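Just so you know, the sequences run in chain order A and B. At position 158 of the first sequence (counting the first as 1) the number is 158 in the numbering used here, and the numbers step up by one without a gap. Just remember that the numbering used here sits 261 ahead of the position in the second sequence, which is counted from 1.
Everything labelled a hint here was simulated from the structure, so no lab data went into it. Note that the structure is a prediction, hence the values are computed from the model and not measured. Even glycine gets a Cβ: it sits at the ideal position worked out from N, Cα and C. A hint or two may mislead.
[Stated by the list, open to error] Listed next, the stretches of chain B that the computed footprint assigns to chain A, with coverage defined by at least 3 CB atoms under 8 Å from CB atoms of chain A:
1) 275-288
2) 292-304
3) 308-318
4) 370-382
[Stated by the list, open to error] Calculated cross-link-like contacts (lysine to aspartate or glutamate; reagent style EDC-like; alpha-carbon spacing at most 16 Å):
5) A:K13 x A:D48
6) A:K37 x B:D280
7) A:K44 x B:D280
8) B:K408 x B:E385
9) A:K231 x A:E244
10) A:K2 x B:D280
11) B:K316 x B:E268
12) A:K203 x A:E149
13) A:K190 x A:D211
14) A:K10 x B:E329
15) A:K2 x B:D302
16) A:K17 x A:D48
17) A:K84 x A:E167
18) A:K37 x B:D302
19) A:K50 x B:E329
20) A:K51 x B:E329
21) A:K13 x A:E156
22) A:K192 x A:E167
23) A:K50 x A:D14
24) B:K379 x B:E409
25) A:K215 x A:D229
26) A:K215 x A:D194
27) A:K168 x A:D194
28) B:K276 x B:D290
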Amino acid sequence: MKSFNYHAPKDVKDASKLASSSSAFLAGGMTTIPSMKLGLANYKDIIDIKKIKKLSGIKVSGKSVTIGATTKHVEVATSKDVKKAIPALAKLAGNIGDAQVRNRGTIGGSISNNDPSACYPSACMALNAVIHTNKRKIDAEKFFTGMFETALKSGELVEAVEFQIPEKADYQKHPNPASRYAIIGVFVAKHKKDVNVAVTGAKSCVYIDKDLSKKLSSSFSASALEGMDVKSSGMNSDMHASAEYRANLVSLYAKKAVEAC
Amino acid sequence: MTKVTLEVNGKKVSKEVPDHTLLSVFLRDNLNLTGTHVGCDTSQCGACVVHVNGKSIKSCSTLAADVEGSKVTTIEGLAKDGKLHPMQAAFKKTHGLQCGYCTPGMVMSAVDLLQTKKNPSDQEIREWLEGNICRCTGYQNIVAAVKEAATKM
Numbered sequence: 001m002k003s004f005n006y007h008a009p010k011d012v013k014d015a016s017k018l019a020s021s022s023s024a025f026l027a028g029g030m031t032t033i034p035s036m037k038l039g040l041a042n043y044k045d046i047i048d049i050k051k052i053k054k055l056s057g058i059k060v061s062g063k064s065v066t067i068g069a070t071t072k073h074v075e076v077a078t079s080k081d082v083k084k085a086i087p088a089l090a091k092l093a094g095n096i097g098d099a100q101v102r103n104r105g106t107i108g109g110s111i112s113n114n115d116p117s118a119c120y121p122s123a124c125m126a127l128n129a130v131i132h133t134n135k136r137k138i139d140a141e142k143f144f145t146g147m148f149e150t151a152l153k154s155g156e157l158v159e160a161v162e163f164q165i166p167e168k169a170d171y172q173k174h175p176n177p178a179s180r181y182a183i184i185g186v187f188v189a190k191h192k193k194d195v196n197v198a199v200t201g202a203k204s205c206v207y208i209d210k211d212l213s214k215k216l217s218s219s220f221s222a223s224a225l226e227g228m229d230v231k232s233s234g235m236n237s238d239m240h241a242s243a244e245y246r247a248n249l250v251s252l253y254a255k256k257a258v259e260a261c
Numbered sequence: 262m263t264k265v266t267l268e269v270n271g272k273k274v275s276k277e278v279p280d281h282t283l284l285s286v287f288l289r290d291n292l293n294l295t296g297t298h299v300g301c302d303t304s305q306c307g308a309c310v311v312h313v314n315g316k317s318i319k320s321c322s323t324l325a326a327d328v329e330g331s332k333v334t335t336i337e338g339l340a341k342d343g344k345l346h347p348m349q350a351a352f353k354k355t356h357g358l359q360c361g362y363c364t365p366g367m368v369m370s371a372v373d374l375l376q377t378k379k380n381p382s383d384q385e386i387r388e389w390l391e392g393n394i395c396r397c398t399g400y401q402n403i404v405a406a407v408k409e410a411a412t413k414m
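Next comes chain A alone, as it looks inside the complex (with noise of 0.2 Å):
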C-alpha cells in the first residue's frame, strides 16, 4: 500500500477542510483499506470520521430511522429499536459481510461506496431514505447515480440516512458463497399509498423496479407477481451468473419478500 497522511478530526468542518480531490474519508475501511492496498485506489490524504461523534448512532422518531454514517452494521442489526421499527434493516445489516466486516464496516461507507452488489442501497431506495450530508439533504433515488457513483461532491460527506418506516418490509438476498456480496437482493416495502420493490446487484446500479412495484401496489400478494416477466436487458452477466439467471431471481426474491412480509 502506498504511503498517505492520517487525520482524524474531531467534528465534520475540520474533516471538510481536509478534504481535496486527492483525499479519501475513512469510516470502517472495509472497501478503502483493500482497495488501496491491491492499487485500485491511492490518495494522499486519509481522513478518518469516526472521532466525529456525532456522526454516530440511532434515532427513531414517529415516521422515520435515521443511523448516523459512522453506524457499525452489526449495531443496526442488534439495534433494539432498529428491529422494532423496520426489522428488515436490521437483517439487511445482519447478513452484510461476515461477523468481522459487520464489526467494522459501515452505513456511510456503503451507500457512499454505492457498490452495485451493496445491501444497503435496495434499503435506501425502497425506504424512501434522505441522505443528510454536511452540506444538503438528498433523496435515495437521486443520490445512487451509477456504478461506484453517487451525487456527493467533493468534500461532501454523508452525515447520516434518514429511513421512511413502511408498513411492512423484507430484504431477501442470493448472496455470492464467497463474498456475502449480493448476486441478486430485493427489499420490499410496503407503505401507506404505495409499493417499493428495490433492486440491488442485478444492474451497474440499485434501482426500482417500477412494474413489480406498480403491481404490488394494486394488489400485495406473492401471487400477484405470478407470471410477471423480468426483464434481463442491462442485468449484468458474469461468472456467478448470467443476466438470464438475475432476472429469474429478481422475480424469485421479490416473492419470497413479500410472502415473509
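Keeping the supplied structure of chain A fixed, place chain B upon it in accordance with the hints.
Structure of chain B alone, referenced to chain A:
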C-alpha cells in the same frame, strides 16, 4: 509518521510508524507477534483476525493509527500461565486444524462468537465463521472444536 499506543495482550506498547501501517503489520513487524497471520491480504480469508476492545476484526484491513488507544488481543494473548485457552485446547482435541495457517484467525473469531452466544448451533457457528477460510479441514472438526469449547467456556 504517527505514534501509535495500544494495549496489546495486557501490555502497553508505543511505536512510531508510518501513517499507512496496517494493524497486522504493526503486530507482526513492529511487535514480532507473528501468530497473527496474513493469508489473502484482500480481507477475505480471516487469518488475521484479532480482537480490538473485545470484538473480532480483520487486522489486515485496519490501520494501526485507527485503533490508537485500544485494547488488542492476539492469539498470543489467549493462553494463560502456559495453559491453553479452552478454544485452543478444543481445536487440539478435536483436530480442528491441519496445516494451521488459518487457525489463529479461526480461534480468535470463535472466541468472539462464544462471548456473545454461549451455545451456538452448528448453523450459527458456520455462519459466524463465514469470514474465516480453511483449505484443509473441510470445517467439520472446526465446528466440533467450537462446540467442544462451548462446554468449557
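Quick rundown of the hints versus the structure:
no.: 1; hint: 275-288; in the structure: holds (count 4)
no.: 2; hint: 292-304; in the structure: holds (count 3)
no.: 3; hint: 308-318; in the structure: holds (count 4)
no.: 4; hint: 370-382; in the structure: holds (count 3)
no.: 5; hint: A:K13 x A:D48; in the structure: holds, 13 Å
no.: 6; hint: A:K37 x B:D280; in the structure: holds, 14 Å
no.: 7; hint: A:K44 x B:D280; in the structure: holds, 11 Å
no.: 8; hint: B:K408 x B:E385; in the structure: holds, 11 Å
no.: 9; hint: A:K231 x A:E244; in the structure: holds, 8 Å
no.: 10; hint: A:K2 x B:D280; in the structure: holds, 10 Å
no.: 11; hint: B:K316 x B:E268; in the structure: holds, 14 Å
no.: 12; hint: A:K203 x A:E149; in the structure: holds, 13 Å
no.: 13; hint: A:K190 x A:D211; in the structure: holds, 15 Å
no.: 14; hint: A:K10 x B:E329; in the structure: holds, 14 Å
no.: 15; hint: A:K2 x B:D302; in the structure: holds, 15 Å
no.: 16; hint: A:K17 x A:D48; in the structure: holds, 13 Å
no.: 17; hint: A:K84 x A:E167; in the structure: holds, 12 Å
no.: 18; hint: A:K37 x B:D302; in the structure: holds, 8 Å
no.: 19; hint: A:K50 x B:E329; in the structure: holds, 12 Å
no.: 20; hint: A:K51 x B:E329; in the structure: holds, 11 Å
no.: 21; hint: A:K13 x A:E156; in the structure: holds, 11 Å
no.: 22; hint: A:K192 x A:E167; in the structure: holds, 7 Å
no.: 23; hint: A:K50 x A:D14; in the structure: holds, 13 Å
no.: 24; hint: B:K379 x B:E409; in the structure: holds, 11 Å
no.: 25; hint: A:K215 x A:D229; in the structure: holds, 12 Å
no.: 26; hint: A:K215 x A:D194; in the structure: holds, 10 Å
no.: 27; hint: A:K168 x A:D194; in the structure: holds, 11 Å
no.: 28; hint: B:K276 x B:D290; in the structure: holds, 11 Å
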